[in-house]
Amino acid sequence: MKETIEIRWHGRAGQGVVTAAVTMADVLSSEENIYVQAFPEFGAEKRGAPILAFNRISKKPIRSHSQVYYPDIVVVTDPSLLGMVDIGSGAKDDTFFLMNTTYDVSLIRERVSLGEKKIYTLDAYTIATDELGRAIPNVPMVAALVKVTELMDLKKFKEKIRISLGKKLRSEVVEMNMQTIDRAFKEVKEG
Amino acid sequence: MSALKTLNGNQSIAEAVRQIDPDVLAAYPITPSTAIVETIAKFKADGMITGEFVCPESEHSAMSVCIGAASAGGRVMTATASQGLALMWEMLYIAAGLRLPIVAAIVNRSMSAPINIHGDHSDTMGARDSGWIQIYSENCQEAYDNFIQAFRIAEHLDVRTPVLVGLDGFIISHSMEVIQVEDDDEVKKFVGEYMPLYPLLDTSNKMTVGPIDFTDYYFEHKRSQLEGIENSPPVIEAVGKEFGQKFGREYGFFEEYRMDDAELCIVVMSSAAGTCKDAIDELRSEGKKVGLLKPRVFRPFPHKKIAEALKEMKAVAVLDRCSSPGAFGAPLFTEIRSGLYDYAERPRIVNYVYGLGGRDIKVEHFKEVASKLEKIAETGTVEEIYSYINLRE
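Quick mapping for you: the protein sequence lines, in order, are chains D and U. Residues 1 to 191 (the numbering used here) are what the first sequence spells out, left to right. Residues 1 to 393 (the numbering used here) are what the second sequence spells out, left to right.
Please note that a few of the clues may not be correct.
[Said to hold, decoys possible] Straight-line distance between alpha carbons at most 30 angstroms, and here's what the computed DSSO-like set of lysine-lysine pairs gives:
#, chain 1, residue 1, chain 2, residue 2
1, D, Lys118, U, Lys362
2, U, Lys367, D, Lys59
3, D, Lys158, U, Lys5
4, D, Lys92, U, Lys288
5, U, Lys362, D, Lys46
6, U, Lys304, U, Lys367
7, U, Lys362, D, Lys2
8, U, Lys5, D, Lys60
9, D, Lys59, U, Lys5
10, U, Lys188, U, Lys5
11, U, Lys5, U, Lys246
These are calculated hints, taken from the structure and not from any lab test.
Use the sequences and the hints to build the structure in full.
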């Protein structure tokens with residue numbers, strides 16, 4: 001892992017994007033010598049409107065309180081945002097993208113000019129609809145992000161998320177989320 | 001047990017509230033401080049706190065409840081932001097005038113119009129002459145630590161003056177960070193038992209609170225009220241030290257970052273100071289002698305101490321997250337510039353207003369400020385004493 005990873009989440013208000021960033025921070029916060037930050041975009045929000053959320057994950061204490069402008073990772077939780085918002089803004093050569101989409105990567109590359117940057121995809125809506133009965137993409141997207149960053153292994157991640165979600169959700173819903181995580185880990189793919 | 005927890009700024013304040021468990025908590029929720037009030041209500045409903053939770057019909061009433069409860073002899077707190085603090089206005093002066101040690105968490109937010117829910121310091125800066133002690137926090141940890149210390153400062157027998165603790169709206173209130181939450185009992189022990197002075201509920205010693213006082217004695221009483229805040233500096237210092245001894249994080253009136261051999265200095269408060277530290281590190285690696293001074297206590301303002309820290313700088317930029325229409329500069333700037341007046345040799349000094357309504361400030365902006373300071377130091381002239389950062393004009 002780099003000294004500091006900055007993540008920018010693109011989603012729509014109501015999709016649980018801020019919760020996703022917070023969950024990401026929450027599960028990683030217990031790791032030795034890892035510092036985390038999760039915060040929403042400091043903008044206006046209306047349900048369905050495009051929004052941003054951010055994470056910083058670092059080996060040293062995090063002091064910055066500005067938004068993320070040069071992300072190491074960009075996560076897009078709604079496919080309809082492609083071509084609508086500038087998901088490539090501030091991307092560096094080694095920045096990679098994780099998208100909730102059913103599109104083929106070649107189609108994505110046609111729509112958005114991301115050069116040769118790495119793209120991972122996951123059909124998070126289908127997974128969430130199958131396993132949770134609702135097209136809420138946040139848990140599968142967090143899971144896919146943990147998988148591709150290798151920040152935590154599946155077993156440990158599930159333990160952590162069980163605690164994290166357990167604070168708010170009924171145990172059967174938590175278990176449904178465990179299925180979601182298994183599938184996201186399996187189904188996220190590069191290119 | 002002391003533990004690391006991932007909390008946002010509002011939750012950090014709420015944790016401190018749970019641990020301190022004041023006698024009366026009166027608040028009317030307003031963005032971005034709502035989650036503090038909401039969490040307190042939940043603690044109360046879950047039986048985790050014993051204090052009375054009062055949710056009145058407005059912030060004016062919330063502060064009135066605080067004043068009544070504090071006069072009765074209770075340890076009292078509230079939380080608000082922006083227009084909510086403004087609606088408390090006349091009651092703020094009464095709380096301070098009656099020397100009631102009320103503690104308020106203020107989630108700093110801009111003032112309307114136009115309506116904006118995001119972070120700047122216009123709300124508390126507007127209250128700077130109300131007689132309250134003002135302490136500002138850089139991050140979630142500081143918000144938690146400052147809030148705990150606030151009770152000790154407010155309730156000290158030499159002080160007995162209300163204290164507000166500021167944390168930046170959204171930038172801190174809604175930003176989740178890892179903070180050290182200290183052991184419940186240790187926090188309770190640190191804050192200690194509250195000893196009310198002249199409580200109204202002590203019916204064997206009857207008191208009049210808030211009587212009329214005209215031209216004959218108002219002036220003398222007003223003057224004597226000031227003693228609380230005038231007595232507060234050594235108390236603030238001692239409490240910050242003791243907090244450091246106990247919990248390992250010491251606090252003073254301000255923090256100096258890489259100031260040892262600095263020739264240029266950026267002065268900025270609250271959350272932006274964290275971002276500024278990253279900028280200072282970059283500037284230092286480029287060989288530039290730039291440091292940061294982050295004021296923590298704004299009232300009472302530590303004029304002398306800050307002037308001593310800055311007097312040998314070549315150039316200083318003071319950044320305010322607030323404008324002061326018609327004034328010579330924004331509040332932090334005028335305080336600091338005035339403090340330097342008595343020094344024959346003093347730095348060139350400029351004022352930048354930044355971040356109104358939550359407009360972001362990033363590392364690049366601090367680096368631009370530093371390069372302007374370099375130019376000022378080189379030429380010895382200030383072309384623009386007052387300007388803006390990251391503003392479209």
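Results of checking the hints against the structure:
Distance hint between Lys118/D and Lys362/U is fulfilled; the C-alpha atoms sit about 27 angstroms from each other, no more than 30 angstroms. Proximity of Lys367/U to Lys59/D is assessed by CA-CA distance (about 24 angstroms); at most 30 angstroms being required, the pair is judged to hold. For the hint linking Lys158/D to Lys5/U, the alpha-carbon distance of about 19 angstroms falls within 30 angstroms, and the restraint holds. Under the criterion of a C-alpha separation no larger than 30 angstroms, the hint pairing Lys92/D with Lys288/U is consistent with the structure, at around 27 angstroms.
About 26 angstroms separates the Cα atoms of Lys362/U and Lys46/D, which keeps this hinted pair within 30 angstroms; it holds. Restraint check for Lys304/U and Lys367/U: the C-alpha separation of about 28 angstroms stays at or below 30 angstroms, so the hint holds. Between Lys362/U and Lys2/D, the direct Cα distance comes to roughly 21 angstroms. Compliance with the 30 angstroms bound is thereby established for this hinted pair. For the hint pairing Lys5/U with Lys60/D, the CA-to-CA distance comes to about 16 angstroms; that is within 30 angstroms, so the pair holds.
Only pairs whose Cα atoms come within 30 angstroms are accepted, and Lys59/D paired with Lys5/U is accepted, the gap being roughly 17 angstroms. Distance check on the hinted pair: Lys188/U and Lys5/U sit about 19 angstroms apart at the alpha-carbon level, within 30 angstroms; holds. The straight-line distance between the Cα atoms of Lys5/U and Lys246/U is roughly 19 angstroms, inside the 30 angstroms bound, and the hint therefore holds.
In summary, the structure agrees with every hint in the numbered list given earlier.
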